[in-house]
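With this note's numbering applied, the sequence shown covers -7 to 373.
Simulated from the structure, these hints should not be mistaken for laboratory data. Errors might be hidden in some of the hints.
As the list claims (entries may be wrong) - Straight line, CA to CA, 25 Å or less: simulated SDA-like cross-link-like pairs of lysine to any residue:
{"no.": "1", "residue 1": "121", "residue 2": "373"}
{"no.": "2", "residue 1": "257", "residue 2": "368"}
{"no.": "3", "residue 1": "99", "residue 2": "121"}
{"no.": "4", "residue 1": "121", "residue 2": "71"}
{"no.": "5", "residue 1": "317", "residue 2": "236"}
{"no.": "6", "residue 1": "244", "residue 2": "225"}
{"no.": "7", "residue 1": "368", "residue 2": "234"}
{"no.": "8", "residue 1": "257", "residue 2": "238"}
{"no.": "9", "residue 1": "70", "residue 2": "89"}
{"no.": "10", "residue 1": "70", "residue 2": "240"}
{"no.": "11", "residue 1": "70", "residue 2": "237"}
{"no.": "12", "residue 1": "191", "residue 2": "260"}
{"no.": "13", "residue 1": "191", "residue 2": "133"}
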Amino acid sequence: MNMNSPEAPNDHTLQEDLQIIAESPLVRDNRDKLAGRTFLITGATGLVGSVLVKALACINRTKNYGMRILPLIRSVEKAKTVYGELWGREDFFPVLSDITAPDLNEKVQEISGGRPDYVIHCAAVTTSKVMISRPVETIRSAIEGTTKLLDAAMAGTSDDAGQPVFLYISSMEAYGDMSVYGPDTRASEERGGFVDPMKVRSNYPLSKRMCENLCVACHEEYGLHTRVARLAQTFGAGTLPWESRVFAQFAKSALHGEDIVLHTKGLSEGNYCYTRDMVLGLLTILVAGQDASAYNVCNMAAHTTIAGMAELVADKIAEDVCGRKIRVTYDIPENNIYGYAADTKLTLDSHKLMALGWQPAVGLEEAFRRTIASMKERGIS
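All chains, please: the whole structure from these sequences, using the hints.
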């Protein structure tokens, strides 16, 4: 495919974000750490992975960085839905495999012609209902997949220069309940809160913690360059058609002109981050982060409850989108059939990442407006 073609031809909003990333000082000032490098990205048909892949492709096209991009995929059909505009491009090398496949390392080296310089592990279960209905598989996927990728990253290298940088994409949920330190405690990277191992829904935060510790262990014992990004709830342009998390549900309600229905009281409180800011945060950690360190990726100004976010969409955005007012209503079942996490109040602190030069630029209202514009342009409803 022509390298002059845009990465998101049917999504002007996403393409604008990709261009902003490509033109950023971060990309310009770190050519030596990006150009000619090979990137392996798991979870490449998810939101975080797909926007990251497209951003790297845009950097290649506009800056001639000559990077090799290896998205790890399990379904060619699904991947073509996400990457149709990139399929066949000379810098795009999809790896058809599962992260637990025994021949994963051989496939990666065969396709890339060597060893990746950067491994970004985005693959994870993200649907609360699956965490409740298939908790064993959620845990095994996290632990076994991360172990396999770490083993692949370390295989065959004993010198520091030959080892890749391994970035594990963790979650704000890894913090658990921070109220044990006081009602207004900010979650910074040096300590975690309480997670009850007797609650089945704890499988997600506990497996995230274990995978983080695996990364630290591999650095300590084998010298692997491991880093961790703890993402806030992330959304934005590029949201995929099958996305079911609350931000997508709220956006679709605005597009349809339908009332937003909450199945909880919406009291959970946390931070959010726009996709463009997230990608710049991950690239910052790759090129400037410290090994065996975790970094919160969040916009501290984008902080609200689920109910507050729903009211924002209903009061300030929906009418501009669909031409009519919508309301927030409540339909709360007696049992937690949707698998939602218990109500938490989590305030992330992103000063550690900001000290590396990263600054989030997109607030919560603009993030929703851009998300909805992107979905509308691609006919997602």
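Consistency of the hints with the structure:
| no. | hint | result |
| --- | --- | --- |
| 1 | 121 - 373 | holds, 21 Å |
| 2 | 257 - 368 | violated, 29 Å |
| 3 | 99 - 121 | violated, 33 Å |
| 4 | 121 - 71 | holds, 23 Å |
| 5 | 317 - 236 | holds, 23 Å |
| 6 | 244 - 225 | holds, 17 Å |
| 7 | 368 - 234 | holds, 14 Å |
| 8 | 257 - 238 | holds, 13 Å |
| 9 | 70 - 89 | holds, 13 Å |
| 10 | 70 - 240 | holds, 19 Å |
| 11 | 70 - 237 | holds, 19 Å |
| 12 | 191 - 260 | holds, 17 Å |
| 13 | 191 - 133 | holds, 19 Å |
The structure fails hints 2, 3 (numbered hints given earlier, in ascending order).
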